[in-house]
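Taken in order, these protein sequences are the chains called A and B.
Taken in order, the first sequence gives residues 552 to 710; the numbers are from this note's numbering.
Taken in order, the second sequence gives residues 146 to 430; the numbers are from this note's numbering.
For the record, the hints were derived by calculation from the structure and aren't laboratory data.
All clues stand as given, with none of them false.
Computed from the model, here is a short list of chain B residues facing chain A with C-beta under 8 Å:
1. 155
2. 164
3. 165
4. 171
5. 172
6. 175
7. 182
Every residue gets a Cβ at the ideal spot worked out from N, C-alpha and C, and that includes glycine.
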Amino acid sequence: MKQKIEEQAESLLLNNYEKYYRLAYSYAKNESDALDIVQESAYKVLKDISKLKDQSLLSTWIYRIVINTSIDFLRKRNNETVSIYDLEIPHEDQYQGDDPKEMIAFLNEEERTIVILKFFEDLKLEEIADALNMNVNTVKTRLYRALKKIRVTLETEHV
Amino acid sequence: MEGKDRLNDLKEEYVNIPVPAAAYDRMKQGIKQAKEEKRRRIIMRSLKRTGAAAAAVLLTIGVMANLSSVTASAMEDIPVLGAIAKVVTFRTFEDKKGNYDAKIDIPKVSIGNNDSGQVNRSIEDYANQLIKEYEKQVTADFTGDGHYSVTSSYEVIADNETYLSLRINTTVIMASGAESVKIFNIDKKTGKEISLKDILADKPGYQEAITESIKTQMKDQMAKDDSLTYFVKEIDGDGFDRITGEENFYFNKNGELVIVFDEYEVAPGYMGSVEFTIPKSTVEF
Chain A
552 MKQKIEEQAE
562 SLLLNNYEKY
572 YRLAYSYAKN
582 ESDALDIVQE
592 SAYKVLKDIS
602 KLKDQSLLST
612 WIYRIVINTS
622 IDFLRKRNNE
632 TVSIYDLEIP
642 HEDQYQGDDP
652 KEMIAFLNEE
662 ERTIVILKFF
672 EDLKLEEIAD
682 ALNMNVNTVK
692 TRLYRALKKI
702 RVTLETEHV
Chain B
146 MEGKDRLNDL
156 KEEYVNIPVP
166 AAAYDRMKQG
176 IKQAKEEKRR
186 RIIMRSLKRT
196 GAAAAAVLLT
206 IGVMANLSSV
216 TASAMEDIPV
226 LGAIAKVVTF
236 RTFEDKKGNY
246 DAKIDIPKVS
256 IGNNDSGQVN
266 RSIEDYANQL
276 IKEYEKQVTA
286 DFTGDGHYSV
296 TSSYEVIADN
306 ETYLSLRINT
316 TVIMASGAES
326 VKIFNIDKKT
336 GKEISLKDIL
346 ADKPGYQEAI
356 TESIKTQMKD
366 QMAKDDSLTY
376 FVKEIDGDGF
386 DRITGEENFY
396 FNKNGELVIV
406 FDEYEVAPGY
416 MGSVEFTIPK
426 STVEF
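Just chain B, with the same shape it has in the complex (with noise of 0.2 Å):
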């Protein structure tokens, strides 16, 4: 036998090595894999600059009301939402520069004759970050061919006799999309904001019921349909780990809990912000 056709008996039985159909789905799930992985980094980082954005903002919140003030403002009467809870247009931050722009509205809320300052407060603060974050990135593009575009809206999700809940919506576009929620929750007998640790602080066990109602919620619609997507942490190795109390979350007219997830937070982005309904049966409150 000539060396050549050595070679070419060689090439033969390498070219005729089967391929399953499976490596073609297999490669395409790596891909999936590290996309996901991919962009649920970028999330992590721009968060964390947030979070120093939010400390910075802090210290000089004083000076940026006043400031504010001047740059806009609109009054807006929001449906007054029964007897003694209303919710208004404070003020509305507008800007646009280049490709930069920014629309965030900033609620107010009275309830009957309660002091609402520290709740109006806090949603103030919360949207003094967004809008130092914006101002953060015009002030830091030299170059002037960056995007970023924040709008900020909000919608009254609950008003029962207990609670007001006030639900902002934040969308963020610099190179893709990301949706960020926050939810506050109103006592309306004081008046003062409340957390989901504050309402979970008498109720021993629910926490760990909440954890794993939403846990077998994930693996019930995972099962139930391909297209949904959550990251368990015991299964992935990141993602839904436990309820910590600091969730989002509000009373639907049923009186159900609903604990609000972040975009990236315990799904992949494509699935945005998700929501689980916790059933009376496992929690009530």
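One chain only, chain A, in its complex shape (with noise of 0.2 Å):
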């Protein structure tokens, strides 16, 4: 059993390696420490992959480890102590332009991954709260608040 979770493991990380580098670049903003952080993920995700307890959270179990090894890696980067979630956007703003770069920049990474997870990668809430390790009212929570500061509203079953 054992065998078989790390052979599963090792080809969703194969084969969606696209995804998970386009995720770890989200956060770096630049190809060689994208780069960085799709292989220390693939290396924890085999190493630690004994203290996943329920075998069905693998592919968002997945996800959980390239984002916080994301963030480990600005904070190295940056130096920084604080997390980047307790980052207090100065303004709330809404954005006004169309400009897709400008709309994303408008996010701060929290929002953004909750975004990326959401519409681009296809991830219900009830995943996207356990690849954050948050409950799923919160992920609402601030799905709501990045679409509101990007002027996107949608009907309330796209939710």
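Taking the hints as your guide, dock the two standalone chains into a single complex.
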């Protein structure tokens, strides 16, 4: 059984390497750091796989490791001691333009990750909650706040 | 612009992040790194266990020897080596219980008129550790679904005027296989066992010279052939650091010193047990 989950993890990592790379890139914002994050994440996944109790959570667990590795990496790079999650954006205004690059820059790391996982990687809210280690309601609140910032209003069934 | 379009723009921007081919390779590298580390850890654990068993063996040696002579013994002549050194199978420990099996050949050395008692006791101690570990595995298996197989054989790898070198190869198979090597070197003049430490004792600087030679050989081999991997401490943070004097060794027929490492000791498992020949230009005995 143990052997099997290791193989599963390995094939997820290799088959979806582009997804994990993009997610890492969304944090690192440059190729060489994103590559470092990818390697480090793969290493951690295989090394700590025995700690994963519920095997059905494997794919969200991998996202979680990529996210945490990215955050660690940024923290080291910026030599910061505070989590970027703690950083408050000074203005909560809405973004008024239409440039996607600027739009995404308007969100903080956490909001951006939620938007990426929800709309670009099609994860369910429960899965996002699991990947970010927070409860579903928090994810929902943050998601609405993020969408509001970039002036996206959706019918409730989308979320 | 509608909210949905804005999201689609964002998504397009995101999926168009170019992914370099290196991302796949780096993923593989991370996986490989974790696997190698894991394999080494498993071996370290089993080595530690064997260490504990070895300590227990020392106390019970007398009893073990008596008991075992009842178990089984096969006397078998091995071709006579040179005029004076002779190695025979003193006894063979054989056992099979379900998924457990053991076949351990225990050699006995005699060299001329020398008293080889001490060497033979070391050889037997080593074998008894293997037997003890095997029996421990059998008795510890309450559910009856474990596996353990141990095979140990020997060969004379060198027999020259000065030394007789007897190599014991042991393969233990549990979840995965592990191979270990023990070489007994016997000084033919005295009939006593000698270690690398002994022969380096009056050779200042040799230890460093051997260490450097091995590191250079590791690096050269890796540079020439991608499929070879060695762990060097100064590069990998773990692996070969320096010669301690405890290593297995022998002298080949050219009289060159050969250092033998166990599987996993200085290289990942797929490399098996590895050997380095130290040229006479570096050290000469």
